[in-house]
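S.K.: Read off the chains here:
There are 2 protein chains.
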Amino acid sequence: MNRMDTPRNLAQEIVRAISSVVGAGPLALHEPRFRGNEWIYLKECLDSTFVSSVGKFVDRFEDDLAAFTGAKRAIAVVNGTAALHVSLLLAGVTAGDEVLLPALTFIATANAVAYCQATPHFVDSEERSLGMDAHALRDHLSSTTELRGGHCINLSTGRVIRAMVPMHTFGHPLDIEALLAVAHDFHIQLIEDAAESLGSTVGGRHTGTFGLMGTLSFNGNKTITTGGGGAILTNDLELGKRAKHITTTAKLPHRWNFVHDEVGYNYRLPNLNAALGCAQLEQLPGFLADKRRLFERYQSAFADIEGVRLVVEPVGRHSNYWLQTLLLDESFADQRDAVLTATNDAGLMTRPVWALMNRLSMFSSAPKAPLPMVESLERRLINIPSSSGLV
Amino acid sequence: MNRMDTPRNLAQEIVRAISSVVGAGPLALHEPRFRGNEWIYLKECLDSTFVSSVGKFVDRFEDDLAAFTGAKRAIAVVNGTAALHVSLLLAGVTAGDEVLLPALTFIATANAVAYCQATPHFVDSEERSLGMDAHALRDHLSSTTELRGGHCINLSTGRVIRAMVPMHTFGHPLDIEALLAVAHDFHIQLIEDAAESLGSTVGGRHTGTFGLMGTLSFNGNKTITTGGGGAILTNDLELGKRAKHITTTAKLPHRWNFVHDEVGYNYRLPNLNAALGCAQLEQLPGFLADKRRLFERYQSAFADIEGVRLVVEPVGRHSNYWLQTLLLDESFADQRDAVLTATNDAGLMTRPVWALMNRLSMFSSAPKAPLPMVESLERRLINIPSSSGLV
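Those sequence lines, one after another, are chains A and B.
Be aware that the first sequence starts at 0, since it is given in numbering that gives the first Met the number 0, and climbs by one per residue.
Be aware that the second sequence starts at 0, since it is given in numbering that gives the first Met the number 0, and climbs by one per residue.
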């Protein structure tokens, strides 16, 4: 069998490595696990008849999220997109503003900017964390903006750059402290998109609690799920109160009158979904331990495969390892589609990263920084089966 | 006890009449009832692990809604506000347009217009159905607009009046056919807000299926609930397809690629909520029968109380009697707050109608027609306990 001249089949090597950890397919990319009090809380919710916009599970879920993340306040909302939308509004983003976003992100981040009639301004990421590159961003802003009247002005468009929304990609915490320094120096608000990073910390502090506000998602593919759901985190109690108000139709409290004092949103998380969330949150420490163990097993399985490696949490930062991520060497980038085909054909669900936001038709004319790293990452990233139930 | 000179206490008479039908409080205004397959379907949903944005209950709920209403297509969404927002966008409402709305409506209708950067233009209602008054609207449009290039132009603002959104108040069907004629004659799109009127029909045809699109709500206080939820109804399959696309982030179907072709919305109804909806919809005929029986009992109880009457479905139209509604005679309008206080103090939850939209600060400068009837109705309407479980 010593056929040294057989060409390497990286795709099949990767199929075998994944199978050696998680067994044969079919396996989803990320499945939720319901082995705690989900059933009990759902039943309790149904029996109470309070399944909708008010109820004790909403209050409890908000309290539990604040306790887990260390945020002073958490506001449960209908999904992560809604959380981003409201956070941007409360950060003062208005029509005609620009908002700095990673080009490498899920569509929700860019859509939320569009809902504010603002324009995304795409920037590059760093290879290590896959997140917004603070160093490149500082260079970009230094050479293309100036401060006028306390606002950061994009010299080519004349627009105010009001906010930035770094996103902790696949749960890996980015260099939030360096980005906060850039935000401070250039008078830009910072909203943290922590949709994927529940359980991820930087220097022991939970992602999503560094910026003015942070956002979480509990979609079905996330580390914990409420069916659909999200949350806003903030340490500013006044902002938290505002967020609760405008996500609940901006109704003024009264025994019976229906008066609303501004254009608000119906972004409430139903109590039914919050009930599921309370049960899921109880199990989060276990899920996180399992996901870390899965990462370690994958790391062993891939140790000897040349040309591909797993993305690892940066030193001093703790990843929730939401989605396990393979990174092909640049010289193997042309194998990406073969790997995707072979793994999916074998019933092991994998996927590439999202199309870069600047390539989408509706954002193709949006301003952007040079994007060499994300253009490289786009060709090389592959997510592999990551459910906590796989170990 | 023949104290003929004792002043009448209308509030106490109303408390007694309500109690004679529904017993002593505490009673909510409207509570959901879960006595069917809610439990079974929720468990099945949880066991499948498909609790989120895809799953068989979403598909089934959409099919069941289409079958029940007779609409060619139903698209389940996260709530009624989202349904309105997307319907307006698909009707072509854009920034700077005006949209005709009843001043007497829930805030969602007006907020949805604001989300499109359009301006509500408030019009009057008729006493009989509490809905948009087609006759008054025709007079108003005839004297204040003109047709230019196929568009209805408001002569005082110069803006295009792009759409109208009549709302079937408390489930009572309005005169949709007369409004369709006005919409046709003035080149205005018609979106039906049927959030409150699931089960209500006009000439045997379900409300929400007459206009270009119709919207439903399954909030916790509605005839059936999904926790939070809504739907878009349409007989235009092409529009239905568009609605599904932009309520599900406008993602293009692909085995693994994430490409979106326009700014879309995360307005999907989670499968968990759809599971509840499927079970609720099975029981809808029973709920409707119970609500009608409750109406008849209230009608008897109030028959001999001078100065107040129940709102009755107009001839030829069938109401779901979602919220039972008292209408005080104009000469007793000054008793409204005493009635609200006495009933709520007795644990019988009642409430007045919403503050008229044109009185809210954010809409106070919006264009409006003369509003004599809704100003009168606002002083005289009271909703009383209406749960289907009360009979």
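Certain hints may be false.
Pairs count within a copy or across copies, as identical chains cannot be separated in the list.
[As the list claims (entries may be wrong)] Derived DSSO-like pairs: lysine-lysine, alpha-carbon spacing no greater than 30 Å straight-line:
1) K367 to K240
2) K367 to K250
3) K55 to K42
4) K240 to K55
5) K55 to K367
Simulated from the structure, these hints should not be mistaken for lab results.
S.K.: I want to check one pair: K367 and K250. Are their C-alpha atoms no more than 30 Å apart within a copy, between two copies, both, or neither?
M.R.: This pair counts as between: shortest inter-copy Cα distance 23 Å, intra-copy 39 Å.
S.K.: Regarding K55 and K367, is the shortest C-alpha distance of 30 Å or less found within a copy, between copies, in both, or in neither?
M.R.: neither (45 Å within a copy, 41 Å between copies)
S.K.: Check K367 against K240 for me: Cα-Cα at most 30 Å, and say if that holds within a copy, between copies, both or neither.
M.R.: neither (34 Å within a copy, 33 Å between copies)
S.K.: Reference check for the pair K240 and K55, CA-CA at most 30 Å: within, between, both, or neither?
M.R.: Only inside one copy: K240 and K55 sit 18 Å apart there, 37 Å across copies, limit 30 Å.
S.K.: With 30 Å as the alpha-carbon cut-off, assign the pair K55 and K42 to within, between, both or neither.
M.R.: both (13 Å within a copy, 21 Å between copies)
The structure does not agree with the numbered hints 1 and 5 stated previously, though it agrees with the rest.
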